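Visitor: Sequence:
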Amino acid sequence: MRIMMTGEQTNGALAAIMATLKLGEGPPPHFHRDRDECVYVVEGTYDVTVGEQKATVGAGTLMFIPANTVHSLKNVGKKAGKMLNWSLPGGQKDYFRTIHQLAAGGGFSAEKVHAISKEFDTEFPA
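For the sequence shown, the working numbering gives the first residue as 480, with consecutive numbering after it.
Just so you know, the hints here were simulated from the structure itself, not pulled from any lab data. This one's a predicted model, so the numbers in the text were calculated from it and none came from an experiment. Idealized CB from N, CA, C, for every residue including glycine. Wrong hints could be hidden among the right ones.
Listed next, the in silico DSS-like pairs over lysine-lysine satisfying Cα-Cα at most 25 Å (straight line) [unchecked claim]:
no., residue 1, residue 2
1, Lys-553, Lys-597
2, Lys-591, Lys-553
3, Lys-501, Lys-561
4, Lys-597, Lys-558
5, Lys-557, Lys-591
6, Lys-558, Lys-501
7, Lys-533, Lys-558
8, Lys-591, Lys-501
Label-pair ranges, simulated between beta-carbon atoms [stated by the list, open to error]:
no., residue 1, residue 2, range
9, Asn-490, Glu-531, 33 to 43 Å
10, Arg-512, Lys-557, 33 to 43 Å
11, Asp-515, Gln-488, 26 to 36 Å
12, Gly-539, Met-483, 31 to 41 Å
13, Thr-540, Ala-492, 19 to 29 Å
14, Thr-535, Asn-490, 30 to 40 Å
15, Gln-488, Glu-531, 32 to 42 Å
16, Gln-488, Lys-557, 29 to 39 Å
Construct the complete structure from the given sequences, taking the supplied hints into account.
Guide: If you want it as structure tokens, here you go:
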């Protein structure tokens with residue numbers, strides 16, 4: 480994951496990251512209470528669910544995900560993929576950095592991700 484732009488750099492308007500997802504990786508169903516999200520697929524193939532809509536998407540796809548909309552995605556391609564993700568308004572820099580550090584430190588688990596996510600207004604429905 481690479482932080483491309485922070486909320487601090489945009490006066491809170493948006494934050495952007497470039498995420499690399501290995502085959503089979505992707506966030507489970509979740510939603511953000513306080514922010515919209517845009518995702519642009521740079522490389523790879525993903526199964527995506529946004530609300531009730533499901534699709535398999537590839538490079539060049541741009542998605543808008545409104546706040547409070549349950550969504551998920553999973554890399555189903557043949558190799559690692561990349562996507563550019565915008566949070567509107569900005570402010571998730573610390574969330575992404577915390578999750579990234581957890582994964583790099585080998586302590587990555589669903590329970591830890593859920594606990595951290597709740598601190599940053601991201602929730603996983605039961």
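Visitor: Each hint: holds or not?
Guide: Status of each hint after checking the structure:
no.	hint	verdict
1	Lys-553 <-> Lys-597	21 Å, holds
2	Lys-591 <-> Lys-553	19 Å, holds
3	Lys-501 <-> Lys-561	9 Å, holds
4	Lys-597 <-> Lys-558	30 Å, violated
5	Lys-557 <-> Lys-591	28 Å, violated
6	Lys-558 <-> Lys-501	7 Å, holds
7	Lys-533 <-> Lys-558	21 Å, holds
8	Lys-591 <-> Lys-501	20 Å, holds
9	Asn-490 <-> Glu-531: 33 to 43 Å	35 Å, holds
10	Arg-512 <-> Lys-557: 33 to 43 Å	35 Å, holds
11	Asp-515 <-> Gln-488: 26 to 36 Å	18 Å, violated
12	Gly-539 <-> Met-483: 31 to 41 Å	18 Å, violated
13	Thr-540 <-> Ala-492: 19 to 29 Å	23 Å, holds
14	Thr-535 <-> Asn-490: 30 to 40 Å	37 Å, holds
15	Gln-488 <-> Glu-531: 32 to 42 Å	35 Å, holds
16	Gln-488 <-> Lys-557: 29 to 39 Å	35 Å, holds
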